[in-house]
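Chemist: Okay, here's what each chain looks like letter by letter:
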Amino acid sequence: MKKELIDLKVNGRGHELAIEPSALLLDVLRQELGLTGSKRGCDESSCGACTVLLDGVAMMSCTLLAASCEGQEITTVEGVSEHGSLAAIQKAYGDWGGAQCGFCTPGFIMTVKSLLAENPDPSEAEVRMALSSNLCRCTGYSQMYEAIRSAIAAERQGMAAK
Amino acid sequence: MDDFSIIGKPTAMIDAAEKTTGSGKYTDDLSVPGMLVGKILHSPCPHARIKSIDTKRAEALDGVVAVVIGKDAPNPYGILPVGHDEHALALDKVRYVGDNVACVVAVSEAIAERALEFIDVEYEVLPAYFDPEESMKAKTHLIHDNKPGNLEKDYHHAFGDPDKGFAEADHVAEARFIANEVTHAAMEPHSTLASFELDPHTGNMGRLTVWSSTQVPYYLQHKLSLVLEMPMSQIRVIKPLVGGGFGGKSEVIPLEIIAAVAARKAQAPVKITYTREEVFWAHRGRPRTIIDLKTGIKNDGRITAVKARVVQDGGAYCSYGVVTILYSGALLGALYDIPHIQYDGYRVLTNKPACGAMRGHGTVNVRFAFESQLDELAAKIGMDSAEIRQRNLLKPPCVTVNGLRVQSYGLPECIEKTVERSGWKHRKGKLPKGRGLGIACSHYVSGAANSIIRSDMPHSTVNIKIDRDGGVVVYTGASEIGQGSDTMTAQVAAEVLGCSLARVRVIAADTDLTPIDIGSYSSRVTFMAGNATLRAAEDVKKRIAAAAAKKMNCAAEEIVFRDDFVFKKGSAAPAVKKDRAEEAEMTQAGASVSGRVEGQILRGSLQQKRKEEGPKEWMTFEEAVVAAIDFHGALSGTGSYAPPPEARGGKHKGGGVGPSPAYSYSAQVAEVSVDEDTGEVTVHKVWAAHDCGRALNPVSVEGQIIGSVWMGMGQALTEEMIWKDGMLMNAGMLEYRSPSSVESPEVEAIIVESIDPEGPFGAKECSEGSLAATIPAISNAIYDAVGVRLHESPFTPERVLAALRAKRKEKALNLTEGVDPTAPARFREHGGALCFKNKGPERHVLDAARRETTAPVGGAD
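Protein sequences, first through last, are from chains R and Z. Okay, so the first sequence: first residue is 0 according to numbering that gives the first Met the number 0, each after it adds one. Okay, so the second sequence: first residue is 0 according to numbering that gives the first Met the number 0, each after it adds one.
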């Protein structure tokens, strides 16, 4: 298949890329841009390990055509840490054991980010519902709830301190 | 002595940031220049002879570099020395749908995938065996010619006098239990990257480096050397981050061998990553197990004897099978005091993907049967089901009737705590209709006392290097797979050396750099690699102490290491810390910027100044290290661990499997509700107490307990591999149905610390033991809720409803009524549709299955 030129804006940076029209966003991120934080766990939107944000909305990049993402703001897990330090949710996932093997973690971080952007103070039921788009095989999810709760609290304190 | 500075404190994993930022590299994230992609051609037949393979058309395709087939690497291998029955690629026969036939190496994944269609394979289809009890009757067309009756292995053990035991019993229960097949479904699909170097002296292909998602780098190195006929020293196995194992990566998986063989033939680095479907075919999960169990008890609740006949549907290759079937019998012991045990175990070959080791290896399914039956017997004699368990406790230290040595035993406390926290005494039997509580216990080994490769070699070895910068580098072969192995290693080293965690750098699982460790399986890492780390750290500490003692004019034994200081015992350490905090900060700042000129000078001058002060009461860790290097000339330490002979079990055949230096214990109470109209079971909460000896890192321990309980709940309620004629019907993450966050209950993890005399700081395993109790705890809770006892897992709405209707003496629901009588007995077997051969409810016009049966033979499709 003949390659085409596209412009992708990933984590605030523009990239001009020659890709096949059939190329999937996940493959382009991982292979062309070296952003291997987004993981390939299933290829069929089952597991959510490839979750990225498109204009702030959590999407599974394993079933998205890269060419269709032109003109949208793509955020991957590599774009989450702030000013060279861990974002509150990343720190909290570490502290509370929300990540064990870590393979699903980038996807979860993106899902949580999109949840909190939409709903800054979610109930446990809302958290559970939001996380159900992603699968984890290590944690049983419990420690993630603690992490999310503590990240919300930390963010709030940070905001109050200002 | 319980005053630790690092041990026992909740600690974020040392690699947590790599995982939460996505910067950590798993095998599939790696690439090397010139790397090609490998794709494997799998067998479409469950059992067939390969008459011919023609790869010419595939090889001619633009972009294809090589096509590898069986004869490119004909040496057999297998994880167990007694089970070398696998080949990199099939030589003459395929034995399951998904067996490995050929591998295409190409410049891109798309080309490799396309090339697979151009490989012409001619099969002679053979009769296939899918049911273990049928398979055992086979006379012809054996799956492996050297295994008559398709029997991989059978064991017949009698400990004590089972007949006498049953004669003494007041009540005997007997039933058949079935636990269906489950798989690990780790989030990371297996991946391997293999690359050869050109030898500068011969000019030919020389050393091989393999990066792989493995729990057992050392075994992989060993098997690669067998298949490739290369010395082990020429093979380097590196384990990058691994995205979960649960046993699925605890042996050599076909792609690991195939990638290396392909790299050799293609003369270029090759990476193979499984698709999710291929992961299901690679499998090595927990076999479908048929358990005929008989238990006898006295009126006072004491167990008199147990008899188990266990048949495991092992799939097409041996894998860990011999060990699995032995664990199933051996771990009947060491949980309760059972005087007489009879065990007959059969590991049977069938034409399905090989089963292997999965979390709670061998013990889980039998534990489900045993704990369910014990509950039934308790009801029979009118005893509380928590109490009957308390009546049958061991009295450690002891050696069980089947030769297992038990020293630390936290089970009584586990039962006590779960009963107390769950409100068992005032809630059991008093919950509203359809809601119930169930209790069950389990245990697991803290590492097998005997390695797979029979030898007296240490199971773990650790080296520690400390240099003038004050950095502590620990070299360990232990494999971090998400369980926290690296963090545990750093914690143990830092605790012994009295330094901060930030000083410790762990280099792990690289066979060129790290000493041998037999891997992350059978929950052995904390106990064995932890002990080796402890010994290595003690070794190096002794050297530092000797030098420090000289400087402080005291005996080496009087030196204390703590909080990055080295001081004389009793010299008011906290005061020292306080007074010198400022200076220490400066030294530490110096350490953290080592390499920067100012830092070096600052540190050097500080050391010089302190040196001139003469004998002292205390030194910083760095000063002590420098003193030790000046004194000894070099500073390193080593430690290793081998299980003691007393812990290595009985002398009977198969007695090598089951013994462990220590056992973990677990008791759980599950609260469930059952919808009597739909048969749907909901788990509301699980109280799980686990005796892990000592919790080195409570966050990790709780994470392992919760994860085990959760995975057990998956097996109890939803997870099942569904087969139809050797085809897996649900080879996808959603179809396999591991629980999502919506279905997952709250788990209250309760840590019980029995302080094992041989564990590092008293620690034992915590990653597997809790899984086995969850399934019977749920099944016992279902009994409490609605009065039906389920004998087959998972407890799907279908099975629960069937049991409820049977109890109410209602006609069984026949979901395939009106359907062709030759249709599968259970409708899920053929993809969920009730229609079969055009009988039954009609299929949608676009349904492939409908077209298949209605299209004329040789249709235009």
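Incorrect hints may appear among the rest.
[Stated by the list, open to error] Only pairs whose alpha carbons sit at most 30 Å apart, straight line, appear in this in silico DSS-like list of lysine-lysine:
#, chain 1, residue 1, chain 2, residue 2
1, Z, Lys55, R, Lys90
2, R, Lys2, Z, Lys24
3, Z, Lys55, R, Lys1
4, Z, Lys24, R, Lys90
5, R, Lys2, Z, Lys55
6, R, Lys8, Z, Lys684
7, R, Lys90, Z, Lys8
8, Z, Lys684, Z, Lys615
These are calculated hints, taken from the structure and not from any lab test.
Chemist: Between Z/Lys55 and R/Lys90, is the straight-line Cα distance small enough, at 30 Å or below?
Modeler: violated (54 Å)
Chemist: If you draw a straight line from the CA of R/Lys2 to the CA of Z/Lys55, is it 30 Å or shorter?
Modeler: holds (29 Å)
Chemist: Under the criterion that the straight-line Cα-Cα distance not exceed 30 Å, is the pair Z/Lys24, R/Lys90 satisfied?
Modeler: Satisfied, since the Cα-Cα distance of roughly 19 Å is no more than 30 Å.
Chemist: Quick one, are R/Lys90 and Z/Lys8 close enough, alpha carbons at most 30 Å?
Modeler: holds (17 Å)
Chemist: Check whether the Cα positions of R/Lys8 and Z/Lys684 lie no farther apart than 30 Å.
Modeler: violated (45 Å)
Chemist: Taking 30 Å as the top limit, are the C-alpha atoms of Z/Lys55 and R/Lys1 close enough?
Modeler: Roughly 27 Å separates the two Cα atoms, so the pair holds.
Chemist: Please work out if R/Lys2 and Z/Lys24 have their alpha carbons no farther apart than 30 Å.
Modeler: Roughly 29 Å separates the two Cα atoms, so the pair holds.
Chemist: Please work out if Z/Lys684 and Z/Lys615 have their alpha carbons no farther apart than 30 Å.
Modeler: violated (57 Å)
In this structure, the hints that do not hold are numbers 1, 6 and 8, in rising order.
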